[in-house]
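Colleague: Here is what each chain is made of, one letter per residue.
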Amino acid sequence: MKNNRMQLINIITLWYLGITLAALLVGGFFIYNKLGSEIDFELGMELTREIDAYAERIEKGAPPNRLLYDKLEITEIPFDLPIEELHLRDTLAYHDPMNRNEIQLKASKSYKIDGKHYRISYYNLVVEADDITETVVVTMLSVFAIQLVFIGIFFRFISKKILSPFHKSLDAVQGFSFQKNEPLQFTKNGISEFEKLNEFLERMSKKLLTDYRQIKEFSENLSHEIQTPSAVIRGKLEHLMNGQITGEQADLIHSAYQNNERINRIVRSLGMLAKLENEEFEAPQTLNLSSYIQKTLDGLDELIEMRSIQLSTEIDPMVWLEIHPFVAEVLLTNLIGNAIKHNIDHGSIHIELNPDHLRIENSGKAPKTDPEEFLERFKKGSELPDSIGLGLAIVKQICVNYGFRIFYYYENNMHVIRILFR
Amino acid sequence: MKILLVEDNPELTQNVVNYLSGEGILCETAQNLYEAQDKILSFDYDCVLLDLMLPDGNGLELLEIIKSQKIETSVLIISAKDALDDRLRGLDEGADDYLPKPFHLSELLARLKAIFRRSKTGGFDEIVFNEITIEIHQLLAKVNGHPLDLTKKEFDLLLFFITNKNRVLGKQAIAQHLWGDYTDDLANFDFVYQHVKNLRKKITGAGGKDYISTVYGIGYKFDPLVS
Numbered sequence: 001m002k003n004n005r006m007q008l009i010n011i012i013t014l015w016y017l018g019i020t021l022a023a024l025l026v027g028g029f030f031i032y033n034k035l036g037s038e039i040d041f042e043l044g045m046e047l048t049r050e051i052d053a054y055a056e057r058i059e060k061g062a063p064p065n066r067l068l069y070d071k072l073e074i075t076e077i078p079f080d081l082p083i084e085e086l087h088l089r090d091t092l093a094y095h096d097p098m099n100r101n102e103i104q105l106k107a108s109k110s111y112k113i114d115g116k117h118y119r120i121s122y123y124n125l126v127v128e129a130d131d132i133t134e135t136v137v138v139t140m141l142s143v144f145a146i147q148l149v150f151i152g153i154f155f156r157f158i159s160k161k162i163l164s165p166f167h168k169s170l171d172a173v174q175g176f177s178f179q180k181n182e183p184l185q186f187t188k189n190g191i192s193e194f195e196k197l198n199e200f201l202e203r204m205s206k207k208l209l210t211d212y213r214q215i216k217e218f219s220e221n222l223s224h225e226i227q228t229p230s231a232v233i234r235g236k237l238e239h240l241m242n243g244q245i246t247g248e249q250a251d252l253i254h255s256a257y258q259n260n261e262r263i264n265r266i267v268r269s270l271g272m273l274a275k276l277e278n279e280e281f282e283a284p285q286t287l288n289l290s291s292y293i294q295k296t297l298d299g300l301d302e303l304i305e306m307r308s309i310q311l312s313t314e315i316d317p318m319v320w321l322e323i324h325p326f327v328a329e330v331l332l333t334n335l336i337g338n339a340i341k342h343n344i345d346h347g348s349i350h351i352e353l354n355p356d357h358l359r360i361e362n363s364g365k366a367p368k369t370d371p372e373e374f375l376e377r378f379k380k381g382s383e384l385p386d387s388i389g390l391g392l393a394i395v396k397q398i399c400v401n402y403g404f405r406i407f408y409y410y411e412n413n414m415h416v417i418r419i420l421f422r
Numbered sequence: 001m002k003i004l005l006v007e008d009n010p011e012l013t014q015n016v017v018n019y020l021s022g023e024g025i026l027c028e029t030a031q032n033l034y035e036a037q038d039k040i041l042s043f044d045y046d047c048v049l050l051d052l053m054l055p056d057g058n059g060l061e062l063l064e065i066i067k068s069q070k071i072e073t074s075v076l077i078i079s080a081k082d083a084l085d086d087r088l089r090g091l092d093e094g095a096d097d098y099l100p101k102p103f104h105l106s107e108l109l110a111r112l113k114a115i116f117r118r119s120k121t122g123g124f125d126e127i128v129f130n131e132i133t134i135e136i137h138q139l140l141a142k143v144n145g146h147p148l149d150l151t152k153k154e155f156d157l158l159l160f161f162i163t164n165k166n167r168v169l170g171k172q173a174i175a176q177h178l179w180g181d182y183t184d185d186l187a188n189f190d191f192v193y194q195h196v197k198n199l200r201k202k203i204t205g206a207g208g209k210d211y212i213s214t215v216y217g218i219g220y221k222f223d224p225l226v227s
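Top to bottom, those sequences are chains A and B.
Read in order, the letters of the first sequence correspond to residues 1 to 422 in the numbering used here.
Read in order, the letters of the second sequence correspond to residues 1 to 227 in the numbering used here.
Label pairs and their calculated CB-CB ranges:
#1 N130(B) / D370(A): 55 to 63 Å
#2 K39(B) / N221(A): 26 to 34 Å
#3 P10(B) / N221(A): 17 to 25 Å
#4 I344(A) / G205(B): 25 to 33 Å
#5 E202(A) / P10(B): 45 to 53 Å
#6 D190(B) / N221(A): 30 to 38 Å
#7 V173(A) / P10(B): 43 to 51 Å
#8 G217(B) / I344(A): 17 to 25 Å
#9 R118(B) / G403(A): 39 to 47 Å
Everything labelled a hint here was simulated from the structure, so no lab data went into it.
Remember, it's a predicted structure, so these values are computed and weren't measured experimentally.
Built from N, CA and C at the ideal position, the CB exists for glycine as well.
The following block holds chain B by itself, in its conformation from the complex (with noise of 0.2 Å):
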């Protein structure tokens, strides 16, 4: 998967780089809206992830070209502008999601690769991962063949896992993940470990690894490597 960050704050891009390159994924930035333009219509990329506020305009104004000049990419913005209007203007104007800043690097991750699946095959795909298989069209997860019986969070929270193996998900990430914006403080609540716990039982007990570990009160991970 290729990518363009558009983003003018050195900091952040250099953070969404590093997480997401280590996804394997190839991350081309612009610093403004002069050299995004530039870069949108010389090269061909999955997805485009745009800052609303550039130094030289508002990242809507790439929007408009890349759906003027039917540009065949997504739109991920990403804004720290979380006025409303503007993000249903943005939605409204033809961008496939768009996340408020601060972001969780992992949740970040976590709607792009949704996007690129909704893009590429309409969500019609299964994720293999060993033993563990998801079709995510169904909210279907399988360990060895056989079904799991998740409820529907505990499905986000496998495959938002998955989507971010080897990584350490920090509870507020998961809870963000799980019950959207307004009610992250329910990471304190004990609801993550809960939730965790309970998927790690569906999966051993149908069979599955113990992927999922404790990384000392931080958060979770979940270990391709365990054995």
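Bound-form chain A, shown alone (with noise of 0.2 Å):
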């Protein structure tokens, strides 16, 4: 089954990534503090040891202008000003090495020696942001596409692994049928939502078949509970027909007759539909749908010439069709009678058949409400007081069933019936 919805493990993947990307951003983010103010401090440390070092050679009696070179720098400056605390800036500054002036920690501090104060700098180059950055992301990105290699690779192997028992019950809950009767079974599979997911299904689908054998007995039990009285009645009026009666009594009978055909007709058709709920009926095997429509027409054909109806066929003889044949029969059977029952004499009947749709249009006395609603339950176009208006509620049901579309319509004064397949 292909479409446009996305595989779990693509969802997972997808998400866990952009969660790794915003985790990477974040820590990034920090580490480039962390590294940046790290360094600075080490720095600053390293800066101090060496002022420190310096003023202590001062102290032992080294002339201060003899130690001065590139990085130092020893100003005397007016003693009565107070000590200046060590501190620490950035600053632009020469660099011998590199030829010209790059960002410098500096760091001073002043010290009182043998009467004099001075004031002792010391520069060091500092690792430029920049280059922290480029650190940062790069150590970053490498650690991003490891990631997406482990995961394109592994996590898809895993989480197939993981994920086995739950396509495993997915693939049985899809192969469940009513008509093999038998209920979800799985075998242990260790992980604990799994097993409750498919201890769950098991118990649904026992509880599903016994609600379903329950519904398909008590249809059946209705069913034959009506049609045993109803033939005892039939059996009882076809005996009275045959004694001696007068035209009174005759009419009784036959009112009574037909009202038990009646009866009948809907204990039969409500079966059928009921039946067609339950999907009693599987496809076993393709059949040919065009012989279908030749055998129906060849068993009413009488009928339309009776009636003169002028019929027109359009049907490919190739139309195949996953359908039971039985089911196949009813709704061939159904419609094509419909379209002559509730025709007009010297109408006429167009069929069209190919691997895409069935369409029969027939003439008839214009609908007076929607024509879509005939194809509810005991909703009736015509005044025919015979017709128990069921029959394409089944011919919708075999639709609804088989995945087929049904349209109803009536359009240049002829009534037309379009079943798309697919």
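Since each chain sits alone in its own frame, please combine them into the complex, following the hints.
Modeller: Have a look at this one:
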């Protein structure tokens, strides 16, 4: 089944990558800051130690002006100024090896030595922000790339393994069928969530099957319970018919007989609907619908002739459909039977069949309501007292079962029923 | 012809027995599986009319016994259980025909006679009634030796009438016989009337008597005593 829904694994992967990316960004920011301050701190310590060392040497009598070199600055400041505490700052200073000004960290502190007040400053190159950024980005990107590869390869294998019980359950649920009459059965997989799911599915499938059996039995019993007394009534009435009867009695018998027949037809049609709803008709094979139409027409052609109906057909001889043969027969008999019954004398019927759709058009009285309503149960378009209004409901249910789409409309003085097979 | 009717509903049994014995068919009855087994093993029957839902089991069990013991009899299943799988199973296991309940007694008789003819003569027989001769295998009907030009449905109708002669046949019974289960409401659309009319015309046109008469608005009757 190809569709635009995403596979679970893809969703998980995408989310995982998204979250990882966000975490890396935040992490990168912190690492950048931490790295910067850590380097500054270490550098400051180093500079302080250097300054202290120089101060010690001055204390020991080394002349300050001999000590000077490009990283060191010793200035004498007025003695009465207070001692300056260590302070660090960035400054642009000439860097000899690189022969240009660079950002450097400068530490300075003042010392009072032998009645003199010196300010000693010491420079050193700092690691530039650009360099830190570059390092952090490169590091994070490589971590991300490695994760991508790992997720791409291992995550899929691992998740396939982890999710395999889930996929097995999915397959089992998809293969579940009332006809097989077997509850779902799963092997143990040792993952508690999946075990719970399977347990639930097993219980539900058992329950579904019992309910299904009960409904099926109910509709079977109902039809049996009504049909038996109805058969008895029919027999008695047929017996009465054969006696010596007056015209008045004949009318009574006829009326009773007709109504009994009606009950019969309703029960049988409802039984058929129930069976369709219970999906009792699986399509065991594909059958040639074209030949079924021909067969149905052959059975009814005398009726068509009798009403002087013009029949025209455009039947593609190679229309194969996955449908139960009995259901196909009921579908076609109902549709074509309707087209004949609700037609007018000297009317017309046009039947079109191709792999895409079946279209039956017939002349007849204009409908008073939206013809789509005739597809509902007990909604009749005609005043014919003997039609029970279930024929098209059965047709509709068949369409629902097999995933066909049905349309009924009135166009150019013709009733049109169109069934799209896909 | 001697048959065994296996059916647990006494009213229905009585209906069938009344109708069939009127045709000179000897009808014995069994109300349950046990009784039916007893009878089928002790006596010979031309046909067993078998209901599937019996108080002590499924009628298909009897069918199994008949087949396994090689008892020579035809089996016609009559059942309200028109669940499709039962129907197919019954026919698979060697039943000769399957008639869903509720059936018209005239239809039952027609099916029974058809089974009987098939088993005794392989269908190569003639039914002769006064000036009318029906060659079933050829789908041919003759009046005074002249073949009638009948459509398949008219032929079926004539056979149905002659099988059920002297009986009132309801329009529904005729419609169901001609067009099958799901088209019986065609009875109310004058199609039966048209067919009967055509058939009568063809028979009288060939010099036959008009045996078929209308019975009030109920149906038709093939009356052998027509003068």
